[in-house]
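Line by line, the protein sequences give chains A and B. Numbering of the first sequence is given in the working numbering, commencing with residue 8 and proceeding in unit increments. Numbering of the second sequence is given in the working numbering, commencing with residue 8 and proceeding in unit increments.
In short, the hints are calculated from the structure, not lab data. Treat the hints with caution; some may be incorrect.
[Said to hold, decoys possible] Computed cross-link-like contacts, BS3-like style, restricted to lysine-lysine with a CA-CA straight-line distance of at most 25 Å:
{"id": "1", "chain 1": "A", "residue 1": "K381", "chain 2": "A", "residue 2": "K34"}
{"id": "2", "chain 1": "B", "residue 1": "K34", "chain 2": "A", "residue 2": "K34"}
{"id": "3", "chain 1": "B", "residue 1": "K299", "chain 2": "A", "residue 2": "K212"}
{"id": "4", "chain 1": "B", "residue 1": "K299", "chain 2": "B", "residue 2": "K342"}
{"id": "5", "chain 1": "A", "residue 1": "K774", "chain 2": "A", "residue 2": "K450"}
{"id": "6", "chain 1": "A", "residue 1": "K619", "chain 2": "B", "residue 2": "K619"}
{"id": "7", "chain 1": "A", "residue 1": "K212", "chain 2": "B", "residue 2": "K342"}
{"id": "8", "chain 1": "A", "residue 1": "K568", "chain 2": "B", "residue 2": "K568"}
[Stated by the list, open to error] Here are a few chain B residues that sit away from chain A, every Cβ distance over 12 Å (derived from the structure):
{"id": "9", "residue": "K34"}
{"id": "10", "residue": "E134"}
{"id": "11", "residue": "R227"}
{"id": "12", "residue": "D657"}
{"id": "13", "residue": "E715"}
{"id": "14", "residue": "K791"}
Glycine is no exception: its CB is placed at the ideal position from the N, C-alpha and C atoms.
Number of protein chains: 2
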Amino acid sequence: MTKQDFSIIGQPLPKIDAWAKVVGETKYADDFFLPRMAYGRLLRSPHGHALIKSIDVSRARELPGVYAVITGADLPRVKFGILPVSQDEEALCTEKVRMVGDAVAAVAAVDEETAERACRLIEVGYEPLPTLMSIEAALAHPEIRIHEYGDGPNVHKNVALQFGDVEAAFAASDLVREDVFFYEGNTHLPMEQHAAVAHATPDGKLTLWSSTQTPHYVHRLLPRILDMPAAHIRVVAAPVGGGFGGKLDPFAHEIAACRLSQLTGRPVKIACSREEVFYIHRGRHPVLMWIKTGFTKAGDITGCHLKTWLDGGAYGSYGVASTFYTGVINPVTYKMPVYKFEGARVFTNKPPCGPKRGHGTPQPRFALECQLDKAAEQLGLDPAEMRARILAEPYTKTANHLTVTTIGLGECIDRVVEASGWREKWRGWRSASAGASTAPAGKRRGVGIAASAYMTGAGTAIYWNSMPHSGVVLRADRSGGVTVLCGATDIGQGSDSILAYLPAEVLGIEPKDVHVHPADTSLTPVDLGSYSSRVTLMCGMAAIQAAGRLRGVIAQAVAEKLEVAAESLAFRDRKVGVPDQWERALTFTQAVELAEARHGVLAFAGSYAPPKRAGKYKGGGVGPSPCYSYSACVVELSVDEETGEVELHDVWIAHDIGRALNPLLVEGQVEGSVYMGIGEALMEGQVFRKGLHKQPSMLDYKSPTTLETPDIHTFLVETDDPEGPFGAKEAGQGPLLPVPPAIANAIYHAVGVRCDEVPITPEMILKGLELRRKGKSARVGPEKIPLFKFKEALMVESAFGRPADAVAVRPFQS
Amino acid sequence: MTKQDFSIIGQPLPKIDAWAKVVGETKYADDFFLPRMAYGRLLRSPHGHALIKSIDVSRARELPGVYAVITGADLPRVKFGILPVSQDEEALCTEKVRMVGDAVAAVAAVDEETAERACRLIEVGYEPLPTLMSIEAALAHPEIRIHEYGDGPNVHKNVALQFGDVEAAFAASDLVREDVFFYEGNTHLPMEQHAAVAHATPDGKLTLWSSTQTPHYVHRLLPRILDMPAAHIRVVAAPVGGGFGGKLDPFAHEIAACRLSQLTGRPVKIACSREEVFYIHRGRHPVLMWIKTGFTKAGDITGCHLKTWLDGGAYGSYGVASTFYTGVINPVTYKMPVYKFEGARVFTNKPPCGPKRGHGTPQPRFALECQLDKAAEQLGLDPAEMRARILAEPYTKTANHLTVTTIGLGECIDRVVEASGWREKWRGWRSASAGASTAPAGKRRGVGIAASAYMTGAGTAIYWNSMPHSGVVLRADRSGGVTVLCGATDIGQGSDSILAYLPAEVLGIEPKDVHVHPADTSLTPVDLGSYSSRVTLMCGMAAIQAAGRLRGVIAQAVAEKLEVAAESLAFRDRKVGVPDQWERALTFTQAVELAEARHGVLAFAGSYAPPKRAGKYKGGGVGPSPCYSYSACVVELSVDEETGEVELHDVWIAHDIGRALNPLLVEGQVEGSVYMGIGEALMEGQVFRKGLHKQPSMLDYKSPTTLETPDIHTFLVETDDPEGPFGAKEAGQGPLLPVPPAIANAIYHAVGVRCDEVPITPEMILKGLELRRKGKSARVGPEKIPLFKFKEALMVESAFGRPADAVAVRPFQS
C-alpha cells in the first residue's frame, strides 16, 4: 500500500488514552484503592552481602494495626527468576542477602506508616560477608562466592562465538585498532514507581494489579512461587507510567503483596519508594569492552573481535540475554564479514542489572561507533562517508546469521548529514578547534556522527517458544463498535493506540470506534510483554490478521446484499461499498448487523509468531528479529575548555521506522530516546559505596531536564518493511543508541579529547585537556581489561555475504 | 447424554460468585465510587396528571455545591421506550406529567443532600388535570387523554385473535363456564434499589454502569436519547441485586446521570430511594379477566375464550408484549383445540406496569386454574385427575401455533399428588370442611392444586430480530484457564455460574478454572438480556457451541500428538486422553499449549438464535419459545374462620426443568418463585390514592418473610429437552404461576369460599363466609367487566391437533 491509500495510518492522531493522562484519570497501580485494603512494606537488607542467621518478627506482629508479617519461611522454598536458566532469586531472602535492598520480610498493616514501623521492629541477625563491588573485584576474588551457580566463580554467564576466522581477517587488514571502553550503569527512572495490589479472594483465586510490562510472564511465574494453579491467578497490568525495561521482572513486592493478601484475606498494596526503585530497578549493565577491528584503506571492515564484561549485580534477571545482546546487534549495521564475540557477566553485590531501553546494545554500540570515528581519522576519511560506504546490505544475513530485511540507514545518514550541514562543520571546525591544540581555551564547537540498528521484537520467547507471541481477539458489535482484546501493555509508548489504529484502518472506521482492552491475563489473549520493541510489530500483525478476518466476513455479507464481488468493496468513512457506487454503500453498523445475522457473533482471533530465524548454534536464538530499525545521528555541541562543561546545541536524528503508523508517536519515541541517550552520555551513572547507592533520589541522580535538552530535529525514513504491520518497524529503543557515541565523537571534534567512557563528566574532559596540554594522548577512559579466560569460542561459519535467497520474506497481504 | 455421563452438570455446586455475596465484596452499582464523582437526584412530579407550564431552576443552580441542573430542555427532544411501538417516555418531562413520580428535572451536586435541597428549590408550574386511576375510569373517560397515541382513547393496545370457531365449540360442550377474575398489580421488590453511575470522558465517550437486566438494549437506546454514536457508549451491567423484570427498561435516572456527567465532566451517580422504586418499578399489571370455557363431561376442554383488561399505568413500557402474553401461554398447558383471546391495555395515571416474573401470565393462569377447579367440581371430577387427563401433548402445536417439545407436566402432577397425599386429603377433608357449611367456625384445612407452563426464552427479540440472540466468546489460555465473555447479566439467578459450568463440562475442567466476564457492551458479545427465562438456554447453547469448537481444535492437536483418533479422546479431570490409555493423557494445560502452538490463539465464538416459530399472524411472534417448562403445585393451608386469616402449611411443587444443570440453583429458583407467588396471592398489592402509592416502603408494603413461608417441597422433573443446553429448560419464573390459583383453590377447599381476586385478604374471606352463612354464593371478586368493544378478532386456523411433523426439533449434538 502506498501512503495515499491510508486513512488512519500516517496521520498524526492523538493517543486514544491521551485525555485520561491529561486530566489525571489514568489509574496507575498506586491509584487503586479497594475496600478493606491493607498496605504493605518490605524490610530490606542494609548489607551488601551477609548471611541471615535469624529473623525475629514477634515484636512486629504485636504492633497494633499490623495484620501480617511474613518472611521467606511463609513462602514455598522456590527460587525464581525471569529466565529459566537463572532461577536465583527469593522474594524474601532466607539464607543470604546479596545486595543492599534485598527483601527479608514483609508487613501488611492498616497503613504504610504502621507497616514501616513494624518493619523497624523486625530483628534480623546478619553475619556480614565481604562485598564485591566491581567486575574486577568479582573476578579477582573467586574465594568469595555471591552465587553457587554460573559459568565460573562469580561468573554468571560466559559466552564465546566466532563467525569466520577473525585473526586471518586482521592479518589481511590495512588498519587494525584495539580499543577499550567502559559504559557505566544507569537506571530507567520512570516517573511511576513500581506498585502492586494483590487481592486473594475466598474462592481461592488471586488477582494482581501491577505496574508491570510483562503480565503474562508474571502470570507464568506466580503459580510456582505461590504454589497454586495458574488458572486461578489473574494478572492485570495497570497502565504503566514508564517502564523502559525496569518493570519486566517479577518483583519481591508483587509476590509479598500476593502472599500477604492470601494470609490476611484483604487486598494488599505495596508501592515502592523512589529509593527502593533505585535498588530493585534492573537497569543498564555497566559494561567494560575491548574491541579490535580490522579495516581496509577504504574504510571497509574486514573483521571484528569484541569482548564484553558485564557487571550483572546480585542476580541473574535477564542477564544471560543481556550478555548475548552485547555481542549480537553490531553486525546488523555494517558489513562485518568475520566476527568474534566473547562476553562474560559477573555477579557483584550491587542491584541486579537487566534490560533498559536498547537492552545490552548501547554499550557495544558506543564502543564500535567511537572506534569507527578513530579509524576514520586514521584513514583520513569523513566518518559520515565511511559509514555510508560500509552499510550492511538489505535482504542478507549477517556474519552471525541474523536475517536483515529493509535497511534505511543510508537515507538516514543522508538526512542528518544534509540537515546538520555536516560536511561544512566537520571539515571547517576540525581545523579550527580539534586540530588547534595550541589555541587559547574557550568554548569550542564540534559535531559528531554515529549510526545504529536495533531489533524489532525478539524472535524467541522466554517461555512457550513454539506458541504465538501475540494474539488479538477482535469483535464487532451491532453498535458499529469494535473491541480489541490484546495482552499488550501500554507503557506510554502508545500500544493501545496502535491497536485502535490498525483495525480502524483495515475496517474503514475511526480509532475512536475501537475499544481496546489490554494486558489482563484473564481477559486478553497472550502477548509476551512490552519489551524488545516487539508490540507494534507483533500485536500489530495479529490485529491486522484478526481485522482482516472480520473484514472478509463483513465483505461477503455486503457483497451478497449489494450483489457485487466482495473484492470490489472498499471500507472507508464508516461505510462499506463499491467505490464507484458509493451512494449504495452500507454504513459500517449496517454491514456489521448484516454480517452478524449471517455468520453469528463476529469475533475473530489473530495470532503472530515471528519467523523462525534462530542461528543454528548455541545462543543463536538471541538477536534474531523479524526486521531491524536503523538510526543515524549528528550532534552539535560546545565544550567549555575552562570548566569541561558540554552544552548540546542540536541533535539531528533520522530513524528508519519502516512506516510511521502515527508520526507523532514515532517522533515522541525518537525524542524520548535521544533525551535518554543524552542522559546516559553526559549525566547518569549508578554508583555505589559499600553497596549503598550514592544518589538514590531524583534530587541526587542527575537526568536531563528540558533545560539540558537541545533542539532535536527528527527525520523519519520509511522503508515499508515486509515483516511489519503496514511496513512498520520499531522506534522505541533504537534511536537512543547513536546518541552517546555521537556526543563522544563531537566532543573529540570540539576539543580533541577522546572520552572512551560514559557518562562523560566535566572532570573527564578537563583531564583530557590536561593530557593534551602535556602532549600526551588526550584519551580518558578505562586502561585495562580483566584477566579472564573466556570459554573456547564456538566456531560458526560466517553467514555474511550470502545471497538473500535464504531469507524468508513474507510481504503483508492487504 | 445420560446423567452419569456428566461430571459438572447435575452437581449441587456453589455459585461461582457466592463468596463475593457472602463476604460483601460484590460491587453493586451504588457501591461504585469514582474520583470527583457527583451525586444526582431527580425532581419528581407530585401530581398524577398535570401540564407543565413552567420550570424555574435558577435558585437551584445558585445553591453552593450544585454542579448542574437539567430539565428536558437539556436533552434532545426525543421520546423513548423499550418497545419500538411505544416510544412515549421522556427522561425529564417537558409538557406533561402522567403519574406521581414522573421526573421533571435533575441535579448533580457535591452530595445527595445538596442535590435534594436543590431539587426543592426548583419551581415547577403545574396545571393539574383529572387523574384516571383504574381500568374502568380510563375507559369511562375518553375525554381525558393520558396519551395521544394507542388503539383508542386511553387504550394503549387492543388485540383480538381467534383460533378456530369458539362459539361452535361452546355449543358442542357439556358444560360452559363464564367467570370473572381480578389480579391486582404488585411490585418486584428487589433488595437492591436501582442505581446508575455515568462517566462521560473528555474523548467524547460515555460509560454507564447500571443495575440493569438489559445492558445491550439500554446501549441500543442511549445513542438516540443522548444524540451520540452507539460505538462511543459503553453500558456495563453491575451485578444486579434482584431484578425480576423491574430493571428491564431504560430509566430516567440512567439518562439523567449520563447527561449530567456530560455537562459536568464528572462521573455522576444517581441511586433511587426505595420510595422512588415503588414508582419507577414497571411491576405486575393489574388485570381484569373474563374467561369462558367449554368442557365435556370427562373434563376435556372444548374451547376457551379469554378477555383481559390490563391496567398499564402511565406509559407503554413492555405493555404491548404484556397484553399478548396474557393471552398466549395458557394453551401450552392443556389441550385447548379452539381458542379466542381479546386483550386491551389501558393507560392510567399510575406507575407504568411491565414485566414481572412470569410476565403477563400469572393473571390468566390464575383465572384458568381457578375456573378448572370450579368446572371439576361441577363435573364431579378430582381436579388433579382432570388436569392429568387434559394435558397438552408433547411435540405438537397449540391452537395458537406455539410449538411444544417436551412436557413433563404429567409427572409433575403425579409427584405433587403423591407427595402431598392429595387423594386422601382432597376427598377426605372436602366432606368435613368445605362441604360442612353449617359446622361451627374454626381453623379449617384445605388443599388446592394448580398447574402451569412457561416459556424458556422469547423466540423473538425486541431489536435486531434476525441476529443471534446470544453470543459467547470463549478463550483458552496457556495457564489452563478458560475465559468466557458473554453479555448476560447475572441478576442473582446464577447465569455467571451456568456460563462456567457448561464450558467446564464440555472441556473436562472445573468451573473454578473458568473466568466469566459478563454484561459489558464493550467487552462482551451481545446477549439480549436477563428476561423471559432466556439466559440459561440461549447463552448456554452459545457457550456449548463455543466450547465445542475449542474442544474440537484441542482434540485434533492432542490426537496428532498421541497418534489416536480425535473422536476417541475424553476430556475429564483436567486431562485429555483416550480413556483406556489414561496414563498417556495430557493435562488440559499441556493440551491447550499444544493446540495454541498449532492453531494460534484459541478464541472461539458461539451464537444462538432461536428457531423461527412465530405464528403466521399478527402478534404471532409473542409467545413462541424454543421450549416450555411446566409446574404443578399442591398447597395445604388452614383458614381461620374467625379472622379470615390464611396459614400456609406446605407447598409441594414439581417443576419440569428439562435438566437441572445445578439442582441447587434450580431449587433456589423454584423456592423463590413459590415465595413470590405466595406474596402475590395473599399479601402484595400496589394500591394508590389520587396517584400516590399507599405503601411506598418495605414497612408498609407487605411481602412474606420466612415466618410466612411454609415448608416448600420441591421436585425436579427432567425431560431432557432437545432445545436446551444438555436438555435444560427454564426455572426462574414458571414455578410462580400455579401458586396463587392453588392457594385460592385450597381456600375454597378449606372453607368453601371462592376468592376470584388476588391478593386474597382476610376481609375477602370473611365476606365470603358471611355470604355463605346467608346462603348466597360464597364468591368474592370482581362482578363486572368494562363496557369495551375489542377490535374485530383476527381469524386464524387453529393449529391444535396437528401432527408434530411441522415441529423442527434440533437435538443437541454433543
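Verification of the hints:
1. A/K381 with A/K34: With a Cα-Cα distance of about 50 Å, the restraint between A/K381 and A/K34 is violated, given a limit of 25 Å.
2. B/K34 with A/K34: OK: B/K34 and A/K34 at ~18 Å, within 25 Å.
3. B/K299 with A/K212: Not satisfied, since the Cα-Cα distance of roughly 59 Å exceeds 25 Å.
4. B/K299 with B/K342: Roughly 15 Å between the alpha carbons, so the hint for B/K299 and B/K342 holds.
5. A/K774 with A/K450: Given pair A/K774, A/K450 holds - Cα atoms ~16 Å apart, limit 25 Å.
6. A/K619 with B/K619: With Cα atoms ~50 Å apart, A/K619 and B/K619 exceed 25 Å; violated.
7. A/K212 with B/K342: With a Cα-Cα distance of about 52 Å, the restraint between A/K212 and B/K342 is violated, given a limit of 25 Å.
8. A/K568 with B/K568: 44 Å, violated
9. K34: 9 Å, violated
10. E134: With a cut-off of 12 Å, B/E134 remains clear of chain A, as the shortest Cβ separation is near 41 Å.
11. R227: Check fails; 8 Å does not lie beyond 12 Å.
12. D657: 36 Å, holds
13. E715: 33 Å, holds
14. K791: Holds: least Cβ distance 48 Å, greater than 12 Å.
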